[in-house]
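Protein chains: 2
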Amino acid sequence: MKNIIVGQSGGPTAVINSSLAGVFAAARDKKIQNIYGMVNGIDGLLKGNFIDLKDYLKTKEDIALLKRTPSAILGSCRFKLPDMEKGRETYEKLFQILNELEIGYFIYIGGNDSMDTILKLSRYAESIGSNIRFIGVPKTIDNDLAETDHTPGYGSAAKYVAASLKEIIRDSNVYDMKSVTVVEIMGRNAGWLTAAAGLAKDEDCPGPDLIYLPERTFEQEEFLKDVDHLLKEKNTVVVAVSESLKDKNGVYLCDAMIKNAKEDSFGHKILSGTALAVSELVTTKLNVKSRGIIFNTLQRCATHLASLTDSNEAFLAGEEAVKAAVSGETGKMVILRRMKENTYIMVPELFAIEKVANEEKTVPDEYINSSGNGVTEAFLEYARPLIQGELNPIMENGLPKHFVIKKS
Amino acid sequence: MKNIIVGQSGGPTAVINSSLAGVFAAARDKKIQNIYGMVNGIDGLLKGNFIDLKDYLKTKEDIALLKRTPSAILGSCRFKLPDMEKGRETYEKLFQILNELEIGYFIYIGGNDSMDTILKLSRYAESIGSNIRFIGVPKTIDNDLAETDHTPGYGSAAKYVAASLKEIIRDSNVYDMKSVTVVEIMGRNAGWLTAAAGLAKDEDCPGPDLIYLPERTFEQEEFLKDVDHLLKEKNTVVVAVSESLKDKNGVYLCDAMIKNAKEDSFGHKILSGTALAVSELVTTKLNVKSRGIIFNTLQRCATHLASLTDSNEAFLAGEEAVKAAVSGETGKMVILRRMKENTYIMVPELFAIEKVANEEKTVPDEYINSSGNGVTEAFLEYARPLIQGELNPIMENGLPKHFVIKKS
Chain F
0 MKNIIVGQSG
10 GPTAVINSSL
20 AGVFAAARDK
30 KIQNIYGMVN
40 GIDGLLKGNF
50 IDLKDYLKTK
60 EDIALLKRTP
70 SAILGSCRFK
80 LPDMEKGRET
90 YEKLFQILNE
100 LEIGYFIYIG
110 GNDSMDTILK
120 LSRYAESIGS
130 NIRFIGVPKT
140 IDNDLAETDH
150 TPGYGSAAKY
160 VAASLKEIIR
170 DSNVYDMKSV
180 TVVEIMGRNA
190 GWLTAAAGLA
200 KDEDCPGPDL
210 IYLPERTFEQ
220 EEFLKDVDHL
230 LKEKNTVVVA
240 VSESLKDKNG
250 VYLCDAMIKN
260 AKEDSFGHKI
270 LSGTALAVSE
280 LVTTKLNVKS
290 RGIIFNTLQR
300 CATHLASLTD
310 SNEAFLAGEE
320 AVKAAVSGET
330 GKMVILRRMK
340 ENTYIMVPEL
350 FAIEKVANEE
360 KTVPDEYINS
370 SGNGVTEAFL
380 EYARPLIQGE
390 LNPIMENGLP
400 KHFVIKKS
Chain W
0 MKNIIVGQSG
10 GPTAVINSSL
20 AGVFAAARDK
30 KIQNIYGMVN
40 GIDGLLKGNF
50 IDLKDYLKTK
60 EDIALLKRTP
70 SAILGSCRFK
80 LPDMEKGRET
90 YEKLFQILNE
100 LEIGYFIYIG
110 GNDSMDTILK
120 LSRYAESIGS
130 NIRFIGVPKT
140 IDNDLAETDH
150 TPGYGSAAKY
160 VAASLKEIIR
170 DSNVYDMKSV
180 TVVEIMGRNA
190 GWLTAAAGLA
200 KDEDCPGPDL
210 IYLPERTFEQ
220 EEFLKDVDHL
230 LKEKNTVVVA
240 VSESLKDKNG
250 VYLCDAMIKN
260 AKEDSFGHKI
270 LSGTALAVSE
280 LVTTKLNVKS
290 RGIIFNTLQR
300 CATHLASLTD
310 SNEAFLAGEE
320 AVKAAVSGET
330 GKMVILRRMK
340 ENTYIMVPEL
350 FAIEKVANEE
360 KTVPDEYINS
370 SGNGVTEAFL
380 EYARPLIQGE
390 LNPIMENGLP
400 KHFVIKKS
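Residue numbers (numbering that gives the first Met the number 0), protein chains in the order written: chain F, 0 to 407; chain W, 0 to 407.
Treat the hints with care, as some may be off.
One copy or two, it doesn't matter: identical chains are merged, so the pair holds either way.
[To be verified] With a cut-off of at most 20 Å between alpha-carbon atoms, the simulated DMTMM-like pairs for lysine to aspartate or glutamate come out as follows:
| id | residue 1 | residue 2 |
| --- | --- | --- |
| 1 | K405 | E60 |
| 2 | K245 | E214 |
| 3 | K400 | E389 |
Derived from the structure by calculation, the hints contain no laboratory data.
Since we're looking at a predicted model, the values are computed, not measured.
The shape of chain F in the complex, shown without the other chains (with noise of 0.2 Å):
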């Protein structure tokens, strides 16, 4: 039987380890001799980067601790492969590594621009009639993969994103003075992510007081009308804002934070600002006292805080990419569908990437307020089941332990 190699790219999640683990056991329940893995994606593996994960991964208690560590264990990248055409020796490269490898199976553990990689290698090995199956595991805590129901990752973030949040909300009231708190949540283009600060709201918090998502452009006069009224109601404000809300001249807002935008390798611009901005605009306007909070990439590496429910959809997403290469699949991504409305029941399929890849899905009107400043009942009761259950961290000398990649 061929080898199999697995590799992670793109931004960590909290939960992308989960899918390595997930890809590692069905792996080895297979009976496939060498699991490899790429380190720091195609971009390490093109250098000749990688490891055998079976010098590892030895006993349970290092799967265990594996799901419970933050960032993608064997490193990432943000590496776009050429089109066909142009770089054929990049892929001439790499299908020799492969096949010195005796790699039959190829996994990719990554978003969009991930699966995008798997789409053009598994067409490139269709052209050269090379028997090497590729398949994609979806990550990220944007949640904007198209077909899937969700994305393994999303869920935690959400639920780090909503505890905090809920942590901010006490904190934020606990002077009797007028306040607004803005804060910042990643999510490049679609809202997903700051849509789940609505997740806040319970029996024990009255969640943030507005949401606003790229999905709809940031009206400022309509903003700064709505804190003016709530701070007439009550003391403190809160208002979660994606990092990439765009005025209506289509402007980033925080490129008037951030003077020179930088740009990523995929020419996707690095956003951040966006709640000292927002901040900014209720003091100078409203004139009252403000406080932008960005919660950066803790957000998605905040595993001590991982959900469960997140985590096991990691790890069957990355057993099921196994099963499917075994079985002859190629050119796929696995997908999460949700069988019931009521009942949350979750199953893993299949899914033609060319479809998926490069397609950015984002918060459908229905899931939107009327007001363009909240999320409906509807997104609600889709993003609640995604963040049930605690992945508790294993506790040493006080704080949360993580896996580290060394030979026994």
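Chain F is already provided as a structure; the job is to place chain W on it using the hints.
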């Protein structure tokens, strides 16, 4: 027997409600009839805002939930009591309220400014021959109160800082590229909480590479040299900076970011933005990708990650304050004294408040390394016991549940 009244003051901590729970438990044990809570501290009390805690805290579950609730459940204030000579009316009004409520014991949970309140009130009481007892319960994430080994609230904030840093360090290392991550930690003039960043170092984590406390001048050239040197050895450099770092001219680094730094009612500057200033410095001078992360209020309100040791000590300090007041003490603050070097045994004692009020305890030289860019093993030995154990949250609907003040 006389009644008791308790207030919470200043910036909240993750365990300020544990101290309130301790006051309540001890007062109930002492069979005190009415256990009043000031709403928004002494500021609220002067406006006649108080509640009877027995109306709200009825069951063991209420107490368990109260301990797990962030921010001051009674609300807080930043109210500076005028000097006795200048503000006699304020004192007269306050004592009139206290006498109407038949208060015998006045407990105030807070930091150095709140201890100033206890000092002034106990002196005024003495001057008018009042028998009301005034006792302070220490509270601050800054750990800058004199005489006590440490301050309740610090251990949980330290645990949050160290745990989050472990996650951020993992995340920062995910790509195979040079980058510098600068994390900003709270602490007005004292670097105790920033020093706690050093606790992140363990077998599974290298810890932050550089730690800068406000006890040392931030030497820009030395810093850049250190970062440059580190980047030759490794990809990712993680720097922990105090929010209140100053340059060699004594100017706050964050003042470069916020043109008109605001002040609170005690005249303390509101500091935030140091990480952004330092990150900008790295990008500009070393031409390397850099990210500034500000923990902001989460470090004082992340009760979901509270230290059990800290919560228990906060409770104990609250109990001790009541016992002291009932036994006739006044004008004192509860302190924690460490009994042994090797075994961690903490005993509450009383200390004359005039030696504590308005004092700021900074980090001593033996806890800072000779280069001024890290902490010593002696500091880690001091701080490690304070973050041990977990006050696990009570989860509901996938999120930590909090106590709500509502009459049942």
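Quick rundown of the hints versus the structure:
no.: 1; hint: K405 to E60; verdict: within (14 Å within a copy, 45 Å between copies)
no.: 2; hint: K245 to E214; verdict: within (9 Å within a copy, 42 Å between copies)
no.: 3; hint: K400 to E389; verdict: both (16 Å within a copy, 14 Å between copies)
Comparing the model with each earlier hint shows no violations; every hint is respected.
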